[in-house]
Amino acid sequence: MSNEAERILVVHLPGTDGLCTGCQAWWSRLTPYPCWQVDWATSWQGRSVTAALLGGRA
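Numbered according to the working numbering, the sequence shown spans residues 15 to 72.
Source of the hints: derived by calculation from the structure; they are not laboratory data.
Where hints are given, some of them may not hold.
Label-pair ranges, simulated between beta-carbon atoms [to be verified]:
{"id": "1", "residue 1": "44", "residue 2": "69", "range": "41 to 47 Å"}
{"id": "2", "residue 1": "67", "residue 2": "29", "range": "31 to 37 Å"}
{"id": "3", "residue 1": "54", "residue 2": "29", "range": "18 to 24 Å"}
In this text, a Cβ means the ideal position worked out from N, Cα and C, and glycines have one as well.
Working from the sequences, and respecting the hints, build out all of it.
Following this line, the structure appears as structure tokens:
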């Protein structure tokens, strides 16, 4: 997994109110969790794992 994807997943966590804590802290946005950054990071992670299993590169 890329360092960027790891950092996103560590910071953008669901809050008790169902909003993304990373978006609130960094940009003062009230964004529902999962935000688009989490969607990107998890899809990148899935593509990377799939490519590694099939012998390719992500």
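Checked hints:
1. 44 - 69: 41 to 47 Å: 43 Å, holds
2. 67 - 29: 31 to 37 Å: 34 Å, holds
3. 54 - 29: 18 to 24 Å: 19 Å, holds
When each numbered hint is compared with the structure, no violation occurs for any of them.
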